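Here is what each chain is made of, one letter per residue.
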Amino acid sequence: MIQAALIGNPNVGKTEIFNRLTGLSSKVGNFPGVTVEKKAGKLVHREKEIELVDLPGTYSLNANAIDELVARDYILQERPEIIVDIVDAANLERNLYLTLLLLDMDFSLVIALNRWDMAEARGIKINPEKLSELLGCPVVPTVAVSGQGLDDLKDSIAKAAGAAERERAKEKKGVMDYGTDLEPPIGKASDVIRQNPELVKRCPERWLAIRMLEGDEMIMEQTRAILSSPERAKILSIIQSGEAALR
Amino acid sequence: MIEGTEARCRKKKQLIELKPGEKGRIVAISASGYLRGRMMDMGLVAGSEVKVIRLAPAGDPVEVLLRGYSLALRRNEAMNIILEVDS
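Chains A and B, in that order, give the protein sequences.
Start counting the first sequence at 1; every next residue gets the next number (our numbering).
Start counting the second sequence at 1; every next residue gets the next number (our numbering).
With the rest of the complex left out, here is chain A:
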């Protein structure tokens, strides 16, 4: 069985897509915050069984609010095979921030460019092939309310699941370059994290390094018991010199 999770900004149509794909009828509403906890459903596509989880909308994985924590904790702890990132095509710029954070986390992504009709109506032109090439993952235009593109989306999920292992071995694309100020400390902190097998098992080292450099208190707290004190001291000093270099 393929495990896939739906994630995206609030009010982009995640639950509508979830209902369409699973045949369930979770409550949808045209305002943010309708889904406050995760819901699961199943579908069968081309003889492949897919378990789908619908997560509350979130702008980031920075855990600024409880509803954002639900999504972050789920994907970190369960590590679903595929993350389906529902992006509002009519509001691409804000939505792609979450996409980049997911790429940092080393997930197999499938991107749905939802509300494709709305984007077209507003005169927004997006080249899905180019976006797919730049981000290194499949990009499927969809219109959840009419069901347009949803078969393509199911195909992409099933295909990505088979390719997941192979893709991971390939050279990674779409990983954000944070520039000459930030990449060296990210690299150094990643090196320290990589030495700790317990941490590597839990989450991608690069993502963890970035979170630590951002001063994510929850991450520092959760890793307190896992990091040895010399490792922790090393990371804190990397953070300090990284911050000093930016002043």
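Hints are computed from structural coordinates only; laboratory data are not their basis.
Predicted model, so just to flag it, every value in this text is computed and none were measured.
Glycine included, each C-beta is placed from N, C-alpha and C at the ideal position.
One or more of the hints may lead you astray.
Selected chain A positions facing chain B (in silico; Cβ < 7 Å) [unchecked claim]:
| id | residue |
| --- | --- |
| 1 | Tyr59 |
| 2 | Ser60 |
| 3 | Asn62 |
| 4 | Asn64 |
| 5 | Asn91 |
| 6 | Glu93 |
| 7 | Arg94 |
Given the structure of chain A, go ahead and fit chain B onto it with the hints provided.
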């Protein structure tokens, strides 16, 4: 134009000082902690252009256009957004 004039014409203002139709570019977010993180997640970062669409009668909330979408901000949130405005 005399050199330096352009720079001198730009003024720093809090977002709440702007009237509907006026716009500026974010130079700083003076909030901290949760609020700062949340605002940055939504794309309120240095360099973003923000235009005031309309204000509620008491000036709270204020609706702005940012990166092609509308965002409603409370007065205390808007106070923490410092813009560079052409005057």
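Checked hints:
1. Tyr59: Tyr59 of chain A check passes; min Cβ-Cβ to chain B is 4 Å, inside 7 Å.
2. Ser60: For Ser60 of chain A, the interface hint holds, since the closest Cβ of chain B sits about 4 Å away, which is under 7 Å.
3. Asn62: Given a least distance of 5 Å, the restraint on Asn62 of chain A holds.
4. Asn64: 4 Å, holds
5. Asn91: Holds - the Cβ of Asn91 of chain A comes within 7 Å of chain B, reaching about 5 Å at its closest.
6. Glu93: 4 Å, holds
7. Arg94: 5 Å, holds
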